[in-house]
Amino acid sequence: MIRIVGVLGIALLLSAACVALEPSSARAPEQTSVTFLISGDPADEEAYRTLVEHFMAEVPEIRVELLNIPGQGDFRRRLTADFAAGTPPDIFLINYRRYGPFAARDAIAPIDAFLAQSDVLRREDFYPQALAAFTWRGELMCMPQNMSSPVIYYNKDLFDAAGLPYPTNDWRWDDFVNVAQMLTRDLNGDGEIDQYGFGVEAALVRAAPFIWMNGGEIVDDPAAPTALALAEPASREALAWFVSLQNAHRVVPDAVAEAAESSLSRFLNGRLAMLMESRRVVPEFRRIEAFDWDVAPLPQGKEQASILHSDAFCIAAASPYREAAWRFVEFANTRVGQTILARSGRTIPSRIDLAQDPAFLDAQARPHNSRIFLDAIPTLRAFPALATWADIEGAVDAELKQAFYGQIALDDAIAAATMRSAEFFSRQE
Amino acid sequence: MAAPFVFGALLLVVLPAFLSFALAFVQYDALSPPTWRGIENFAVIFRREVFWIALRNTLVFAFSAAPLQALGALMIALLLHPERRGVRVHRAAVYLTSVLPDVAYALIWLWLLNPLYGPINLTLAWLGLPTPAWLVDPRTALASLVIVAAVRVGEGMLLLIAAWRTAPDSIYDAAQIDGADRLRTFWHITLPWLAPWLLLLLIRDLVMAIHSSLTPVILMTGGGPGYATTLLPFLMYEEAFTHLRLGEAAAMMVVVFALIGPPIGLAGWLTRRWWREDAA
Amino acid sequence: MQRRKTPQRASGAATAVKPMQALSAPFGSTALQRIVRLWRRKRIGRLLRHVLAWSVAALYAAPLLWLLVASLQPVGQPPPRTLAWFPQGVAWSNYLEIFRVAPLGRQIGNSLLVSVAGALITLLTASWAGFAMSRLPASSRRWLVGLALLLMLIPSSAVWLPRYVLFSGMGLLDSYAALVAPALLGTRSLLALMYYWSFHRISCEIYDSASLDGAGVWALWRRIALPLARPTTLAVAVLAFTHYWSDFVDPLLFLKSTQRFTIAVGLRMLQQMDATNWPLLMAAVVVMVAPVLVLYLLLQIILDKDASLHLRSSRLWRDAPIHLQLSAGSRTKEERR
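Chains as they are written, first to last, in the numbering used here: chain A, 2 to 430; chain B, 429 to 708; chain C, 12 to 348.
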């Protein structure tokens, strides 16, 4: 019996060693295999899988292995760990707010040269705002795949039930609060709110459009930031309005309700009337059958403004297959490639010529009011490009969340965020 | 025959321990080669308020979770010590909590502590007691983590029951002749007998509380709300893998080692002392 | 209420307790004495104890029951706002759904591979180390046992950062070798010490007679030591298997390909997908927890059933931590051997 255990143990030791030594995937000799890392829910993954399959049918000599890490935080840590291990994914899809640390450390292969030599892609085909967001010290680092801005998703059935007209494209902050209040209801009279008017993540990226709409700024000098400017009157006023949605008007689930069931899940289950989200939820929302929904622009303030959301394909500088990786990135950004993703609903193309295309402005597919995404484009602004921006945003979010849920005073939150983020403005990386 | 063991110990524990000291003095982002930075890493983390918050949280967490755990283990060992019918079932119920995988344990508690739907708050509401928001409220978040850690007393319970058995009958015989009741017997005989083990258990729990806090923090709170549950291991993890500052993370690790070094030393010294006396 | 500390307790020296003197110490207030008197009435005391023991057990078992109930709740409805001991509308489909939304089957397979490999290697290394400890001359033994004790206080979670740098340098990242590596030192040094303690009790004469027959050190280990330590082997196997099955931080840091992920990381990914989808999350937790609980219960049953082993095994199983402390501290005992 013991002998069997011993032999088995040694056999397993060897097999474990074999597993360890074996390359990640068996491939045909002439085939190049590249890895492609994304972060999304199952619907996102499906959309990108379709893209990958189309590419591999078109270019059989390159195999693309799609990896998905749900959760932005986990995704970033995974990416960092991969880079640190010297085995980064050949291609990864990343938000412009998050690529700074990699760009600053020369971990991303700039794509200027690739783009210049391309027969199918031209710089002019893409929205300049998206290109600018991925330009680091004068060089285009990554190829923007999409471009959008946050909007208000609303449940039409709940509006109908309350006898309210649907939001117009020019509604203002006060209208919004009124509507949200009328949609926040205790349906069975037990003293607990069963249906909330509005759901939003308490984060700087959600509050930023309102700060800009109010004429405020997030940092002192957007071109060369040295400190947060959230304490300025215009910025503070906008933040005060934003946090009052929860801690004064109570139209947003409080911390306890949010922890019990997320706003996203409430919206999906028809118990939350309006949700501020980016374009990324559309594939999942298209599966909703229980009610009808559409999108409305953010309620307006003094000025028109919104925040840029954009993800781009980046190629790792350490990748031995940069050429093959570029061929995939190139394909993904052709009309064909971007059409595939636009059809899934996941993205708004970064190509100007596709934005008006039925693949995106499909009258049959929800949201019907998709044009508002395009209308917002001229008003889009972006966060500053800093290697330490993730630290700064993290410091602000930690405080903003507490102020939003009424756990600390707004002014204390702003003071703490300003102080804790100071070191990251001066830090050289 | 001990070669794999010794090799493994050197490679996986001793070498990494030295490596982390070395890392603490360099600037290293894992992308480019490390560069010498001297004590600047320590200066940077000491200047950072969040580091001090995390240090305070870590100390509060460890010094409340570990004593509670030891005390709980003692109480339950007291209760489940005598061999009776059904006692195996009782012990198994207590012990199984300790063998649950950390991830599963954390997720189960996340559900139990759910402020609206969680069974704990529903029970409290049913009893007419106040229902705290547990992990969601910055005032109770750390305390909730302490409770979650302190409830796992299975190993301690088994250890104490076993230690109890090693007590020679002779010391109890004397008590019986004297007609002492059970409470006094416990207080004057059993407790002193268990004291060394209790102290060792306490020190072990202290060390483990600090090190094993990473999983529950990642899964249950992400360090929030605010920084209420940011403990040093989590801060290190964030520094190293979200912000690519491995040098500063290593400096924090050195601080953690400095924290738990004295308890480990104390444990070693006490063990030696006690059993030398024991043998003498 | 004031309690006088007895000098014996303060000194901490267990054998120094002189019961007679200790019991004559003044003690407590009248309230306490009343409780003591109540305690004396054996029947009430016994009943109280019984009730208390069952309620503690129930308290500890309740979370598992709630877990099961939560995992059967239909998805999409708000969970009930009243205490539910039985799910409202049993949704067994949740258990199918989790395998659909996440590659749970594959992750379970990966976890099994890692855990079985880890456990088997651990059985070899831990028993070798324990055997060496028990056979070495006192001086080197003390050194080895000391090392093992030191390792017990530095859990692997304390050194993940430098280990990460090390594994990255060795090219071991994203391989199961990085996960199984701790098996080299017996996973936890406790396991090696458990073997040591169990081999320690085998009398020298058995070895001596075998050595006379020409058996080498490997033969002694295989033919004499291991068969006599069967309960330890069972316990170590279960402990090691559970360790790798439960391990979260190592795979989180060292694995990168999603197709290699183990179930612990898989659960985390499920949580990231939809943090408040409690029914699915709890169903996945049940799937992860079930094998561990079954293994421990099986172990208990096997050890109990084996009547001849019962006394030794149960003592061994429970006393292990004590005895390793003992073996470290008492030099005289070791030298006596």
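Hints in this document: simulated from the structure, not taken from any laboratory.
Treat the hints with caution; some may be incorrect.
[As the list claims (entries may be wrong)] Computed list of chain C residues with no C-beta within reach of chain B, every gap over 12 Å:
(1) Val67
(2) Phe110
(3) Gly120
(4) Leu124
(5) Arg174
(6) Ser179
(7) Pro193
(8) Ser214
(9) Cys215
(10) Ser257
(11) Asp258
(12) Ala301
[Stated by the list, open to error] Simulated DEER-style distance windows between Cβ atoms:
(13) B/Arg610 to C/Asp219: 26 to 34 Å
(14) B/Ala450 to A/Gly139: 32 to 40 Å
(15) B/Thr551 to A/Glu290: 45 to 53 Å
(16) C/Pro85 to B/Asp609: 53 to 61 Å
(17) A/Arg123 to C/Gly182: 52 to 60 Å
(18) B/Thr594 to C/Leu239: 18 to 26 Å
(19) B/Leu555 to C/Val86: 28 to 36 Å
(20) C/Leu239 to B/Met503: 52 to 60 Å
(21) A/His250 to C/Gly182: 51 to 59 Å
(22) C/Gly182 to A/Asp113: 48 to 56 Å
(23) B/Met503 to C/Leu58: 38 to 46 Å
(24) B/Tyr600 to C/Ser150: 34 to 42 Å
(25) B/Thr463 to A/Ala423: 23 to 31 Å
[Said to hold, decoys possible] Sample of chain C residues lacking proximity to chain B, with all beta carbon distances greater than 10 Å (derived):
(26) Ala72
(27) Leu75
(28) Ile119
(29) Thr136
(30) Ala194
(31) His211
(32) Arg212
(33) Ala221
(34) Ser222
(35) Pro238
(36) Arg241
(37) Thr269
(38) Met293
Values in this document were obtained by computation on a predicted structure and should not be read as measured data.
Think of the CB as a built atom: it goes at the ideal place given N, C-alpha and C, for glycine as much as any other residue.
Hint by hint, here is what the structure shows:
Its beta-carbon lying about 6 Å from the closest one in chain B, C/Val67 breaks the requirement of being farther than 12 Å from that chain. With 12 Å as the threshold on Cβ separation, the claim that C/Phe110 sits away from chain B holds: the shortest Cβ distance comes to roughly 17 Å. Every C-beta of chain B lies more than 12 Å from that of C/Gly120, the closest at about 17 Å, which supports listing it as non-interface. Every beta carbon of chain B lies more than 12 Å from that of C/Leu124, the smallest distance being close to 17 Å; the non-interface claim holds.
Interface exclusion of C/Arg174 from chain B breaks down, the closest Cβ pair being 5 Å apart, not more than 12 Å. Here C/Ser179 does not stay apart from chain B, with its beta-carbon only about 7 Å from theirs, under the 12 Å limit. Look at C/Pro193: its CB is around 6 Å from the nearest CB on chain B, not clear of 12 Å, so calling it non-interface is violated. Under the 12 Å C-beta cut-off, the non-interface status given to C/Ser214 relative to chain B holds; the minimum distance is some 20 Å.
The claim that C/Cys215 lies off the interface holds: its Cβ sits roughly 18 Å from the closest Cβ of chain B, which is beyond the 12 Å cut-off. Distance check on C/Ser257: its Cβ comes as close as 3 Å (rounded) to a Cβ of chain B, failing to clear the 12 Å threshold; non-interface status is violated. Listed as outside the interface, C/Asp258 is inconsistent with that label: its C-beta sits roughly 8 Å from the nearest C-beta of chain B, within the 12 Å cut-off. Residue placement check: C/Ala301 does not keep its beta carbon more than 12 Å from all beta carbons of chain B (closest about 10 Å).
For the pair B/Arg610 and C/Asp219, the beta carbons lie near 48 Å from each other, so the given range of 26 to 34 Å is not met. For B/Ala450 and A/Gly139, the hinted distance range of 32 to 40 Å is satisfied, since their beta carbons lie about 37 Å from each other. A hinted range of 45 to 53 Å for the beta carbons of B/Thr551 and A/Glu290 is inconsistent with their spacing of about 36 Å. Distance hint check for C/Pro85 and B/Asp609: the Cβ-Cβ separation is about 55 Å, which falls inside the suggested range of 53 to 61 Å.
At roughly 41 Å, the beta carbons of A/Arg123 and C/Gly182 sit outside the given window of 52 to 60 Å. Judged by the Cβ atoms, the range 18 to 26 Å given for B/Thr594 and C/Leu239 holds: they are separated by roughly 22 Å. Taking 28 to 36 Å as the suggested C-beta distance range, the pair B/Leu555 and C/Val86 conforms, at roughly 29 Å. Roughly 37 Å separates the CB atoms of C/Leu239 and B/Met503, a value that falls outside the hinted 52 to 60 Å.
Hint check: A/His250 to C/Gly182, Cβ distance near 56 Å, so the stated range 51 to 59 Å holds. At roughly 32 Å, the beta carbons of C/Gly182 and A/Asp113 sit outside the given window of 48 to 56 Å. At roughly 19 Å, the beta-carbon separation of B/Met503 and C/Leu58 lies outside the given 38 to 46 Å, and the hint is violated. Checking the proposed 34 to 42 Å range against B/Tyr600 and C/Ser150 shows it holds: the Cβ atoms sit about 38 Å from each other.
Here the CB-CB span from B/Thr463 to A/Ala423 is close to 24 Å, well matched to the stated 23 to 31 Å. Not every CB of chain B lies more than 10 Å from the CB of C/Ala72, the least distance being 5 Å, so the non-interface label is violated. The Cβ of C/Leu75 does not lie farther than 10 Å from every Cβ of chain B; its closest approach is about 8 Å, which violates its non-interface assignment. Here C/Ile119 stays apart from chain B, with its beta-carbon at least about 13 Å from theirs, past the 10 Å limit.
The non-interface label for C/Thr136 is inconsistent with chain B: the shortest C-beta to C-beta separation is roughly 5 Å, within 10 Å. Against the 10 Å criterion, C/Ala194 falls within the reach of chain B, whose nearest CB is about 8 Å from its own CB. Non-interface status of C/His211 relative to chain B is upheld: no Cβ of that chain comes within 10 Å, the nearest being about 15 Å off. Every beta carbon of chain B lies more than 10 Å from that of C/Arg212, the smallest distance being close to 15 Å; the non-interface claim holds.
Every C-beta of chain B lies more than 10 Å from that of C/Ala221, the closest at about 16 Å, which supports listing it as non-interface. The beta carbon of C/Ser222 is kept farther than 10 Å from every beta carbon of chain B, the shortest such distance being approximately 15 Å. A cut-off of 10 Å between C-beta atoms confirms that C/Pro238 is not in contact with chain B; the least separation is 17 Å. Listed as outside the interface, C/Arg241 is consistent with that label: its C-beta sits roughly 19 Å from the nearest C-beta of chain B, beyond the 10 Å cut-off.
Annotated as non-interface, C/Thr269 keeps its C-beta farther than 10 Å from every C-beta of chain B; the closest such distance is 17 Å. Taking the minimum C-beta to C-beta distance to chain B, about 6 Å, the non-interface status of C/Met293 is violated against the 10 Å cut.
Hint violations for this structure: numbers 1, 5, 6, 7, 10, 11, 12, 13, 15, 17, 20, 22, 23, 26, 27, 29, 30, 38, all remaining hints satisfied.
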